[in-house]
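Put chain P on the given structure of chain S with help from the hints.
Top to bottom, those sequences are chains S and P.
Residue numbers for the first sequence follow my numbering, so the first one is 1 and each next one is one higher.
Residue numbers for the second sequence follow my numbering, so the first one is 1 and each next one is one higher.
Hints are not guaranteed to be accurate.
To be verified - Coverage of chain S stretches by chain P, computed from C-beta distances (three or more under 8 angstroms per stretch; other residues unrestricted): (1) 236-250; (2) 256-267; (3) 332-339; (4) 343-354.
Stated by the list, open to error - Label-pair restraints from in silico Cβ distances: (5) P:Lys200 to S:Gly439: 45 to 51 angstroms; (6) P:Glu203 to S:Pro347: 18 to 24 angstroms; (7) P:Ala186 to S:Leu245: 51 to 57 angstroms; (8) P:Lys200 to S:Gly271: 30 to 36 angstroms; (9) S:Leu244 to P:Lys200: 23 to 29 angstroms; (10) P:Glu44 to S:Asn448: 52 to 58 angstroms; (11) P:Glu14 to S:Tyr233: 49 to 55 angstroms; (12) P:Arg34 to S:Phe283: 34 to 40 angstroms; (13) S:Pro404 to P:Arg106: 46 to 52 angstroms; (14) S:Ala252 to P:Ala22: 32 to 38 angstroms; (15) P:Glu21 to S:Phe283: 45 to 51 angstroms; (16) S:Lys409 to P:Arg34: 48 to 54 angstroms; (17) S:Pro446 to P:Ala22: 34 to 40 angstroms; (18) P:Ala186 to S:Gly439: 51 to 57 angstroms.
I should point out that these hints are in silico values taken from the structure, not numbers from a laboratory.
For glycine and all other residues, C-beta sits at the position ideal for the given N, C-alpha and C.
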Amino acid sequence: MHPELPINPPSLFARLARRISLVLGIGVALLVSAAWYYADTAADKAYDRLLVGAALQMAESLAVEDGKLSVRLPASAFELLGLADRDRIFYRVIDTNGQTVTGYDDLQSPSASDNNSDAMRVEEGTYKGEAVRITRATRVLADPAVTGRAYVIVAQTNEARSALTRELTLRATILVIVMSLLAFVGAMLAIRYALQPVEHLGRAVRRRDPHDLTPVSVNVPRELDPFVGSINYFMGRLGERVDLLQRFIADAAHQIRTPLTALTAQIDLLGAGKLSKADRQHFARVKERTGELSRLTNQLLSHAMVIHRADSVQLEPISLVDVARRAWRAAVPVTVDPDIVVSFETPENRPMVLGDAVSLREAIVNVIDNALRHGAEHRLEVRVSAIDTQAFVEVEDDGPGIPPEDWEKAMQRFSTSKSHEGSSGLGFAIAQEVAKAHGGSLSFRPRNERGFVVVLTLPLYQKEPSAAVR
Amino acid sequence: MRILLVEDTHDVGEAIAKRFEATGHAVDWETNGRSAAEIIDFTEYALIILDVMLPGMDGFEILRSIRKSGNSVPVLILTARSEIDDRVSALDLGADDYLVKPFDFRELEARARVLMRRHSGGEATNLIKCGDIAVDRATRSVHVGKREIQLKRRELTLLEVLVARPGRVFSKDELLDQLFGFEEAANANAIELYVGRLRKKLEGAQAHIVTVRGLGYQLVSGDAS
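Next comes chain S alone, as it looks inside the complex:
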């Protein structure tokens, strides 16, 4: 019928925390990538400028002497490049004829076509298996002996710029992570705070008296209104049901009992005196059946009543002796067989129980009624007692009792047993229902030489529950 609830239902807090961490994680990754990209670009720009500057200085230093291109590399250019102290520098000077004047002659020019002379380009490349940045400066020579374009190619390894990139990226990453952690902690606190009203509401609903079916009135944020609305809607419906059931039982009680009483009244008026012998037998049977019907009607109504009261009546401290005495007076007819000794015994102290007097009386009445109808031959004793934390109402009779194997069956509704004439009806079922609703129990004691005992056990009412804890 019901879908199985997962053992550990997901918490809203955990779900939100997971989502937020995911978003923050993606954000951190994106930001770190961006930081790396910008750091890389910035480092390239800075070192490229030095590289270009050096290449230009070197190109500037080219001169034509004796009709030949001479190279006197300026120290300043190497100083400039020396700022990146761990990097190695490769260069190559190419004369107008395309011959290498000096440097590594296997250093390739970055781009083949070089018409766009003005813009100094810096490119990625590899030289001797190492990643390098390469640039080329052009010197236009207009000497009569040497005319044309000479080139200076300079390459530099990437260590310094990589180091700069790493450092910049690392710092940016630290900042991003610190910010993200702050954001995460802040978000968690915010979620806790935001979820507080849910807990408040839960506690308010839990703390309510289960018999209170009025709408919940707790201050909650607007977002929880539909939730509270649903709770109140169900409370309302439950309340209506309870009222309806109550009205139904009340109506049924009056509407059935009144004609039934009229029927018994008419049977009583009829009397057996004027009837013939055969009719007298029929009359006796009608009378007996009417009695049975009356008893059953009362038991059904009483069963419905105690079930309903268990859910709707506030328990209060009551004297068990008073309740039991009233039950005893109501259950033992004045017209009982004069040969049965009927007694009621009370303890010195007055045991108090937390209970509903009407339901408890009904339970005890039913147990006594059962004993009178099916048990007692010469003796019926009702005793109230209390030991430690429990109070007892014992109903003992000297009848045959119920054999232990039938005990369970006897508690069931409309059970019949061989040792009992007819059905015990609902008597024990009612008493058991009431006992359960009071946190107690209904039990039997095996028949001994004195008699058979039915025991209603109830927890004693502790006047100050806090005193027991201390």
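Just chain P, lined up with the frame of chain S:
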């Protein structure tokens, strides 16, 4: 004795009225709650039998107004109601007894008789003791130690007679007069029957009914056996 019956179901009212009239009581039968309340104000009754669900004014309201005006007339409530939502019972409102409908008519008659007798027996607690036997003549209840014992009418009368003069020997004829008066024909065997039942019901008490051969019975206090 004069009894007021307030019952709006005709079939039921008729049967109750007939039963009590047959035993020599005068029954005023009302079917409306309001008019019943008015009658109670100026008429004295030995017993009021009151239905709860009534037109005009319900039985509980009538009961409340009776007790509020200080009237201590015995009231027996007949109820067809379920106590599904009741906070107070008829007894809490001052009823002396109640019966749930449908009831046994013999039981109604018996309970009514108990109430009328208790009322004529006087108001104040009238406690007589002998050993650990205590008889409260006002509430007509009997205790042996802490046990309350239910006695039949004649058993109680017999005990009252014996307990009033412990140690005195009552002859069977004396007891016959006390128990049955002069209107009923009863023989000495009846006394033996009642004494026997009473002895059984007083078992375990510190006072005993002792048969004084040829003379009668006496109540002896103490554990002498």
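| task | Please write out, lowest number first, the hints stated earlier that are contradicted by the structure. | result | Numbers 5, 9, 13, 15, 17 - these are the hints that the structure violates, sorted from lowest upward.
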